[in-house]
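**Q** Model the full structure from these sequences, guided by the hints.
Heads up: the sequence lines are chains A and B, in that order. The first sequence begins at 1127 in my numbering and counts up by one. The second sequence begins at 26 in my numbering and counts up by one.
Honestly, the hints are just simulated from the structure, not real lab data. Yeah, the Cβ is synthetic: ideal placement off N, Cα and C, and Gly gets one too. Don't take each hint at face value.
Using C-beta positions, here's what the derived DEER-type ranges look like [claimed, not checked]:
id, chain 1, residue 1, chain 2, residue 2, range
1, A, Trp1246, B, Arg75, 49 to 57 Å
2, A, Gly1178, B, Glu68, 27 to 35 Å
3, A, Tyr1301, B, Met27, 29 to 37 Å
4, A, Leu1260, B, Leu61, 35 to 43 Å
5, A, Ala1175, B, Ile71, 52 to 60 Å
6, A, Ile1291, B, Pro76, 36 to 44 Å
7, B, Ala31, A, Gly1178, 14 to 22 Å
8, A, Ala1136, B, Leu61, 21 to 29 Å
Which chain B residues face chain A? A few, computed with CB under 7 Å, are given here [stated by the list, open to error]:
id, residue
9, Met37
10, Tyr40
11, Gly46
12, Ala47
13, Ala53
14, Trp60
15, Arg63
16, Ser74
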Amino acid sequence: MNSLRWSTFAAPSRFYALVNALNPWLWAVAIGLALAALYIGFFVAPVDATQGNSYRIIFIHVPAAWLSMVLYLAMAFWAAIGWMLNARMASMLARAIAPTGAMFTFVALWTGSFWGKPTWGTWWVWDARLTSELILLFLYLGYIALVSSIDDVVRGDKSGAVLAIVGAVNVPIIYFSVVWWNTLHQGATISATAAPKMAQTMLLAMLLMTLSFWAYAFAVVFTRAQALAVERERHAEWVRSAAGKELQ
Amino acid sequence: MMWSSASEFFAMGGYALYVWGAYAVCLAVMLVEPWLARRQRREALIAASRPEEESQ
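**A** See below:
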């Protein structure tokens, strides 16, 4: 067992095999929790006293917004590890996270817009929370465009790491924007220091959906990291055997 | 039961466009993204299994 160290799965071949074993479980968790969250969110959680049924957008809006920020920090973290320690799999993970982070940022903006229209009377406003979240989307897209425009893989990883790390300053700005500025967007619904300002069932649906989105993010990011590992190690023996097994 | 009929459920108290517009787009992108990732992996495996001279 002492060959199983933290760095074991840093080898692309082992990472690839681990993901193949893990992903069916991640998908089962993601789908199961999403169905539970939807059931509680639409059939158990009561109608909101002031917003009526429009508030039910919260069950995807808040989880997507959380994931958009957490995934950016994860991307910056793995990009930094890949850069400093020359860890190949870490750099691939950073690249694999970017599209999923961009997708969740888009979902947060889209669902927020569809919630803002009935509650604020407008699809969009240049409020600090909304604007900083839009910048997050541009950071993700800028990262993707940058790393894919550089043919040299190692140079691309390094340049991407610089952009990802510098851009990470935007994440606390998004998070605290509702505290630092007067925003149309409401403050945090739940925090570590105060009791949640919502019904237990609403909170439960939101947290289950968050866990579902987490499992989804792991599964999709891992699949994309597998693709990157195959692309980069196309001549390796493990790629040939994986191709032989999976391309029937 | 919170909803007395299916049509009441789909009407979402007059917020159908907003609630279903948000959920539909969320579901659509969360179906397309895994499909794209799987396709990327499959194409990488196909490219890797081609003979050397073709892959360059």
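**Q** It remains to establish, for every hint, whether it holds in the given structure.
**A** Here is what the structure says about each hint:
1. For A:Trp1246 paired with B:Arg75, a C-beta distance near 54 Å keeps the hint of 49 to 57 Å intact.
2. For the pair A:Gly1178 and B:Glu68, the beta carbons lie near 46 Å from each other, so the given range of 27 to 35 Å is not met.
3. At about 33 Å, the beta-carbon gap between A:Tyr1301 and B:Met27 stays in the expected band of 29 to 37 Å.
4. The supplied range of 35 to 43 Å is broken by A:Leu1260 and B:Leu61, whose beta-carbon atoms lie about 23 Å from each other.
5. Our hint of 52 to 60 Å for A:Ala1175 and B:Ile71 holds, since their Cβ atoms are close to 56 Å apart.
6. For A:Ile1291 paired with B:Pro76, a C-beta distance near 41 Å keeps the hint of 36 to 44 Å intact.
7. At roughly 19 Å, the beta-carbon separation of B:Ala31 and A:Gly1178 lies within the given 14 to 22 Å, and the hint holds.
8. The hinted window of 21 to 29 Å between A:Ala1136 and B:Leu61 holds, with their beta carbons roughly 26 Å apart.
9. Taking 7 Å as the C-beta contact cut-off toward chain A, the hint placing B:Met37 at the interface holds, the least distance being around 4 Å.
10. Against a cut-off of 7 Å between C-beta atoms, the interface hint on B:Tyr40 holds, since the closest Cβ of chain A lies about 4 Å away.
11. The criterion of a C-beta within 7 Å of any C-beta in chain A is met by B:Gly46, whose closest approach is roughly 5 Å, and the hint holds.
12. Look at B:Ala47: its Cβ gets to within about 4 Å of chain A, closer than 7 Å, so that hint holds up.
13. With its C-beta approaching chain A no nearer than about 10 Å, B:Ala53 sits outside the 7 Å limit, and its interface hint is violated.
14. The closest approach between the C-beta of B:Trp60 and any C-beta of chain A is roughly 10 Å, which is over the 7 Å cut-off, so the hint fails.
15. The restraint placing B:Arg63 at the interface with chain A holds, with a minimum CB-CB distance near 6 Å, inside the 7 Å limit.
16. Using the Cβ-Cβ criterion of 7 Å, the hint placing B:Ser74 at the interface with chain A is satisfied: the shortest such distance is roughly 4 Å.
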